[in-house]
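2 protein chains.
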Amino acid sequence: MRIGVVGLGLIGGSMAIDLRKRGFASYIIGVDTDKLHAQTALKLGLVDEIASLEDAVVISDLIILAVPANVTIRLLPGILDKVDKQVVTDACSIKANISERIKYHSKRANYVAAHPMAGTEYSGPWAAVSGLFDSKAVILCDCEDSSDASLAVVRRMYEFLNMRTIFMSAYNHDEHAAYVSHISHISSFALALTVLDKEKNEKNIFDLASGGFDSTVRLAKSSAEMWTPIFEHNATNVVTVLDTYIHQLNQFKEAIQKNDQKQMSEMINKANRIKKVLST
Amino acid sequence: MRIGVVGLGLIGGSMAIDLRKRGFASYIIGVDTDKLHAQTALKLGLVDEIASLEDAVVISDLIILAVPANVTIRLLPGILDKVDKQVVTDACSIKANISERIKYHSKRANYVAAHPMAGTEYSGPWAAVSGLFDSKAVILCDCEDSSDASLAVVRRMYEFLNMRTIFMSAYNHDEHAAYVSHISHISSFALALTVLDKEKNEKNIFDLASGGFDSTVRLAKSSAEMWTPIFEHNATNVVTVLDTYIHQLNQFKEAIQKNDQKQMSEMINKANRIKKVLST
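From first to last, the protein sequence lines stand for chains B and X.
In case it helps, the working numbering puts the first sequence at residues 1 to 280.
In case it helps, the working numbering puts the second sequence at residues 1 to 280.
Since the hints were made in silico from the structure, they are not lab data.
Please note that the accuracy of each hint is not assured.
Said to hold, decoys possible - Pairs of lysine to aspartate or glutamate, EDC-like flavour, derived with a Cα cap of 20 Å:
no.: 1; chain 1: X; residue 1: LYS107; chain 2: X; residue 2: ASP148
no.: 2; chain 1: B; residue 1: LYS258; chain 2: X; residue 2: ASP243
no.: 3; chain 1: X; residue 1: LYS103; chain 2: X; residue 2: ASP145
no.: 4; chain 1: B; residue 1: LYS198; chain 2: X; residue 2: ASP148
For clarity, every value in this text was computed on a predicted model and none was experimentally measured.
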């Protein structure tokens, strides 16, 4: 199968590596407006050739959009305008606004809305790695709007990537993603800002950055290019979750201020229940 | 050297493993009011014998308190009452209130205030591992109040544990610990509570728990027994940091509500500067 990968960053690059290695892709056409990304992807052997988006759409059997949410929304209608039998899918962390945008497109059935829930805090083709998606979940949304043939191609692709498939409406996806992914990023960004703000006057504060800080703030390395559009396109859900999160923090603050140890312990014990849902 | 380890959990147990393996400890006496912890530590070979606190103080050259903050504060004066030449140290994540408590004790010089900045979210003797402290930082506080001989023993012990030593006042320690450790834990606890609250109605939400959630919420597995006393004894600093953190979250919320993409991107770019202080 000839695959066009649009966006040669962490996600697109990592897909390219394993889809080729595992025999799903016979030929990979890379598209990226960032010349450095494109040339690096070619040099690293992630793709067989670099082409324009127009050319890639023509010669591919499957087109994977692995670009930020705003770029996905901008490009998808034009790509669907040009497809014949080609299947188109994306990898976006928001789904409802994309769905809305192409809901009535004549080639809607060629598109399969997907969100492979995997990643690292790194970006660019040099961050691409084999095995990134293994054993993680991919969410396929609004599948009733995709043709059986298109859906079969995308499901098969995710089998090659070793992902568990979950079906959900785009609306439900966005709500859940706000809870299990988007809020984690805001939490980390805000934590980084809190500590960096303090650092202005206290140069040695980071000598102490072990003991949990590293893992909590890891996601704060994630790029604005990717995350600003996600927050933009999932604003309502993200704000709802942020409200709950800030409320929980205020509850903690109040318990600490009052030295209400019973309340603190109860909150921590309740939070400990998260153990049951974490793998390690 | 004969070492008495009071508290046979993650920290005490992990110290025992490496201090024996690396030749610093010739004999280890374990003390724990939790019989299961005590018997497990003996069974796992972390300690050579289990003794009462009184007996352990008499027969040890060095006594390490590796118990929660409130227990440390309660036990330390009584231990100092009983020592002659023995050196006493602790491993607490808060230091100022401990310092205050024994500031005028006649045996103050026998005590060295220490905070080895290492840990995992697990607890108990079964969580003890070799190498836990390697390459991390240990903070020694108010060292001018310790005798040269006591300080030398404790510094030598942390050399055997492969830790970098940082010197600081207890007051400064507590402020810094609030920024780089205590707030991370509250952030994680609150995140866990936020998502668990949602889960009541949405049973499948955790199928999606990849993509960053795991690492951000990892610390929410930490125990109330350890953390409630830390928040109690570092309340002022923790509340100050919480205020800044909640302020940053509100700034994010406002930017998202207004769809102010410039502001969102600026905050994320600024948060990205955390890269420079994280090792990986």
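What hint numbers does the structure not satisfy?
Of the numbered hints, just 4 does not hold.
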